[in-house]
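Undergrad: What follows is each chain in one-letter form.
Protein chains: 2
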Amino acid sequence: MGGDYGPSVTVPAALAILERHQDIRLVLVGDEATLTQALKTAGAGTDNRLTLQPATQVVDMDEAPSQALRYKKDSSMRVAIDQVKSGNADACVSAGNTGALMATARYVLKTLPGIDRPAICTTIPCLGGRFRMLDLGANVDCTAEHLFQFAVMGSVLVEASGDSEQPRVGLLNLGEEEIKGNDQVKQAAQLLQDSDLHYVGYVEGDRMFKNIADLVVCDGFTGNVALKSSEGVAAMISQYLREEFQRNLLTRAAAVVALPVLRALRRRLDPRNYNGASLLGLRGVVVKSHGGADQTAFEQALEKGVFEAREAIPHRIDERLGEVFAGERPA
Amino acid sequence: MGGDYGPSVTVPAALAILERHQDIRLVLVGDEATLTQALKTAGAGTDNRLTLQPATQVVDMDEAPSQALRYKKDSSMRVAIDQVKSGNADACVSAGNTGALMATARYVLKTLPGIDRPAICTTIPCLGGRFRMLDLGANVDCTAEHLFQFAVMGSVLVEASGDSEQPRVGLLNLGEEEIKGNDQVKQAAQLLQDSDLHYVGYVEGDRMFKNIADLVVCDGFTGNVALKSSEGVAAMISQYLREEFQRNLLTRAAAVVALPVLRALRRRLDPRNYNGASLLGLRGVVVKSHGGADQTAFEQALEKGVFEAREAIPHRIDERLGEVFAGERPA
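Going down the list, the sequences are from chains A and B. Numbering of the first sequence is given in this note's numbering, commencing with residue 15 and proceeding in unit increments. Numbering of the second sequence is given in this note's numbering, commencing with residue 15 and proceeding in unit increments.
Wrong hints could be hidden among the right ones.
As the list makes no split between identical chains, a pair holds if one copy fits it or if it spans any two.
Derived pair list, reagent style DSBU-like, types lysine-lysine, alpha-carbon separation capped at 35 Å [as the list claims (entries may be wrong)]:
| # | residue 1 | residue 2 |
| --- | --- | --- |
| 1 | K87 | K224 |
| 2 | K99 | K54 |
| 3 | K200 | K54 |
| 4 | K194 | K99 |
| 5 | K99 | K224 |
| 6 | K54 | K224 |
| 7 | K87 | K194 |
| 8 | K54 | K194 |
It is worth saying that the hints were derived from the structure and are not from the lab. What you are looking at is a predicted structure, and each value in this text was computed from that prediction instead of being measured.
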């Protein structure tokens with residue numbers, strides 16, 4: 015029910031995914047009448063792989079997480095996460111309020127043993143490839159131990175994705191020399207150096223786009239600012255490009271000629287292809303779609319949910335944590 | 015003497031500035047033989063507005079600031095800052111080691127009363143304009159009071175530049191709702207709200223490129239990551255654009271047609287036009303040029319030095335601090 019467009023986007027995307035993967039089941043959670051209508055509008059037939067799970071409430075996009083947790087026990091978000099908890103679903107995908115989703119998922123599903131806090135991880139394009147980055151906003155302040163846990167969780171996700179068998183792990187910092195950074199980052203560097211992760215050192219904001227790490231680890235404040243700044247610059251350049259091509263008759267003619275090239279560029283950088291952030295560290299799969307996702311983008315988020323459920327990412331993270339902490343794992 | 019190219023870039027840029035501003039004097043600081051040769055190569059005649067100040071040492075680009083401060087007392091950097099201290103120069107412009115420049119400037123010139131730490135401030139393009147951002151890396155950890163001091167200093171610079179009479183001051187944060195952010199940011203928001211600065215609230219990384227603030231304030235860690243991430247994305251898009259236009263004969267033909275448009279875009283975003291970061295909070299003008307600056311870029315940094323000396327920015331910041339702290343200013 016969540017996101018800026020609600021079921022008009024999520025329902026058609028769900029139907030497309032169901033069609034694409036013949037071995038999955040899909041549970042739509044939300045207001046029954048609205049969902050039934052959305053299914054009708056989308057021209058859905060009866061399908062025993064598709065079920066409806068009613069929920070009478072909706073968490074607002076700007077609602078405080080604590081409010082949602084307390085007063086919205088029958089929200090589509092809460093009921094969807096409950097489905098994962100009860101084992102009726104293997105993944106929950108939502109375009110709703112990020113803070114409320116994180117708080118509810120953490121409350122209902124709990125974190126894995128050894129994980130203090132879940133983190134938000136997403137995929138970002140870079141020269142000749144892509145990398146993953148976490149945390150992107152769940153944790154404003156992080157200790158070195160948190161950053162280390164993020165590195166373990168993110169590495170498992172990169173490995174499962176097939177991008178790298180030994181993911182290169184970098185720590186986001188304001189310089190690449192050893193003396194640079196705050197205490198948390200310096201201590202996290204030590205923890206990573208002493209671990210069996212493939213730690214490649216500090217990574218600066220510009221260098222992460224040069225394909226020097228498969229995983230960039232940072233606190234949620236810095237990660238959020240870095241990701242959004244990147245999106246902001248890309249949007250500005252795109253707007254400037256449009257303006258320059260619309261300047262006069264000559265530039266408009268040039269635009270027509272350059273159109274296939276500009277389209278190819280757009281395809282390469284289309285944020286919709288990267289939609290879907292993983293909430294890692296929970297005892298279950300939860301994927302957050304961008305609130306403004308259209309159908310194509312929401313399908314990508316659903317694909318991530320399918321992928322993480324198939325690969326049993328939480329279980330694999332749990333196993334890896336067992337190895338990392340070798341019997342000394344905190345509960 | 016500093017930067018990646020040394021006098022082969024800085025000397026021709028200095029001569030160009032001297033030509034452009036008939037009322038300024040210029041002191042070139044560094045190895046006498048090297049500078050004399052560079053002047054000769056650049057075809058400089060005798061000019062009583064141009065003097066040479068010998069310095070026998072050079073601070074390396076990767077030298078630790080503490081080392082530079084201790085063992086390089088006759089470096090071009092130190093001697094140039096000494097020129098400002100003694101009153102023989104009104105501004106120091108350097109393309110050298112940022113950390114060493116900041117440490118030396120702070121040691122020699124001292125901070126203004128009421129300023130705990132100097133900060134690095136630069137100009138960044140945004141939709142339909144530009145904004146300034148500080149700190150960009152001088153201060154890894156900042157208290158709310160530091161952030162507030164940055165806001166005061168940055169506001170003076172924006173006002174003097176003529177961009178805005180009442181600069182809109184925003185705090186960089188991972189959300190725009192009041193509950194978002196870490197303790198320092200939340201407390202700084204309170205200080206700004208209670209001040210007579212034109213505080214416009216929290217600014218997210220993407221929104222700062224939409225021209226919603228004239229000044230974006232943050233700690234040096236976050237600011238550095240945000241700025242470099244932005245530069246990294248812009249470089250990646252530029253590289254992708256080149257690749258797409260070079261893909262085949264057709265796209266190469268399109269590139270020829272689109273060339274004037276692409277050139278116009280480049281002009282609008284050319285980082286060389288924004289070169290030169292101000293070290294604010296000192297009792298003197300110090301401007302840091304990008305180490306990789308070419309002549310055009312270094313001229314911009316020199317222009318900033320001329321501007322800040324003419325506008326007596328340190329004096330204006332000092333006056334404003336007097337108003338802000340109204341008699342209760344710490345020494």
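Undergrad: For each hint, tell me whether it holds in the structure or not.
TA: Do the hints match the structure? See the list:
1. K87 x K224: neither (45 Å within a copy, 38 Å between copies)
2. K99 x K54: within (29 Å within a copy, 77 Å between copies)
3. K200 x K54: Neither. Shortest intra-copy (56 Å) and inter-copy (47 Å) distances fail the 35 Å Cα cut-off.
4. K194 x K99: For K194 and K99, only the inter-copy Cα distance (28 Å) is at most 35 Å; the intra-copy one is 43 Å.
5. K99 x K224: Neither, since 39 Å and 41 Å both go past 35 Å.
6. K54 x K224: neither (46 Å within a copy, 40 Å between copies)
7. K87 x K194: between (46 Å within a copy, 24 Å between copies)
8. K54 x K194: neither (58 Å within a copy, 40 Å between copies)
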